[in-house]
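Colleague: Make a model of the complete structure from these sequences and hints.
Those protein sequence lines, which keep their order, are chains C and G. Letter by letter, the first sequence follows residues 1 to 116 of the working numbering. Letter by letter, the second sequence follows residues 1 to 113 of the working numbering.
Hints were generated in silico from the structure; no laboratory data involved. Ideal placement from N, C-alpha and C gives every residue a C-beta, glycine not left out. Among the clues, some could well be false.
Stated by the list, open to error - Think about it this way: if two alpha-carbon atoms lie no more than 27 Å apart in a straight line, the pair counts; the simulated BS3-like pairs of lysine-lysine are:
id : chain 1 : residue 1 : chain 2 : residue 2
1  : G       : Lys57     : C       : Lys3
2  : C       : Lys108    : C       : Lys38
3  : C       : Lys3      : C       : Lys38
4  : G       : Lys57     : C       : Lys103
5  : C       : Lys70     : C       : Lys38
6  : C       : Lys108    : G       : Lys57
7  : C       : Lys103    : C       : Lys38
8  : C       : Lys38     : G       : Lys57
9  : C       : Lys70     : C       : Lys108
10 : C       : Lys3      : C       : Lys103
11 : G       : Lys13     : G       : Lys57
12 : C       : Lys3      : C       : Lys70
To be verified - Covered stretches of chain G (chain C as the covering partner; in silico rule of three or more C-beta atoms under 8 Å from a C-beta of chain C):
id : region
13 : 40-50
14 : 103-112
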Amino acid sequence: AQKVTQAQTEISVVEKEDVTLDCVYETRDTTYYLFWYKQPPSGELVFLIRRNSFDEQNEISGRYSWNFQKSTSSFNFTITASQVVDSAVYFCALKNSGGSNYKLTFGKGTLLTVNP
Amino acid sequence: KAGVTQTPRYLIKTRGQQVTLSCSPISGHRSVSWYQQTPGQGLQFLFEYFSETQRNKGNFPGRFSGRQFSNSRSEMNVSTLELGDSALYLCASSGGRNTGELFFGEGSRLTVL
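Modeller: Below is the structure:
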């Protein structure tokens, strides 16, 4: 069975602080995808990143960076110099490579509040 | 291009009633799925449709059903509503490549009294 754990239920930071959102996953599959989605107050989930299990290279996109470590089954997400607009719920998700496009296993989410 | 559109955005029902939610995917997307989001259970997969056929179903009772039309629009129906059905119901569409990148609507927030 697949499982995604986001241990941090809520995080509150002050603008311009760096913040890291943790994600730990469990799967028996050797090939899988990991994702991060952002859910702003409007409700829709917005795709941020997909990482293939064979690609452990870290990725940086502007103020966002992701650290994928298979050895610890973790896929952590760091926001550098956080801004108020980063306030949202962030979900980590897992999908095996052969399954349906939609059967993602989501973590419970981390509510990030960035205060001015 | 227009995103995923869900209607209605908010609705209130009473126990025992039924509800129908609608989803229009991104133009050209033929796959649609539904998720239920609650504070306690988080995001849970309901079902997936492709070309009017249900391809996958999550672990929900038969009161939850859905369908997809020839124009890829989808509806989900919940009959005999229970208090526990109060949730945000999210629809997602995909362009077909099995990458897991989904495009979500803003959801329909159902409150059951």
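Colleague: Now look at each hint and say whether the structure bears it out.
Modeller: Quick rundown of the hints versus the structure:
no.	hint	in the structure
1	G:Lys57 with C:Lys3	holds (18 Å)
2	C:Lys108 with C:Lys38	holds (12 Å)
3	C:Lys3 with C:Lys38	holds (19 Å)
4	G:Lys57 with C:Lys103	holds (9 Å)
5	C:Lys70 with C:Lys38	holds (23 Å)
6	C:Lys108 with G:Lys57	holds (20 Å)
7	C:Lys103 with C:Lys38	holds (18 Å)
8	C:Lys38 with G:Lys57	holds (24 Å)
9	C:Lys70 with C:Lys108	holds (21 Å)
10	C:Lys3 with C:Lys103	holds (12 Å)
11	G:Lys13 with G:Lys57	holds (24 Å)
12	C:Lys3 with C:Lys70	holds (15 Å)
13	40-50	holds (count 4)
14	103-112	holds (count 6)
When the structure is compared with the earlier hints, no violation turns up for any of them.
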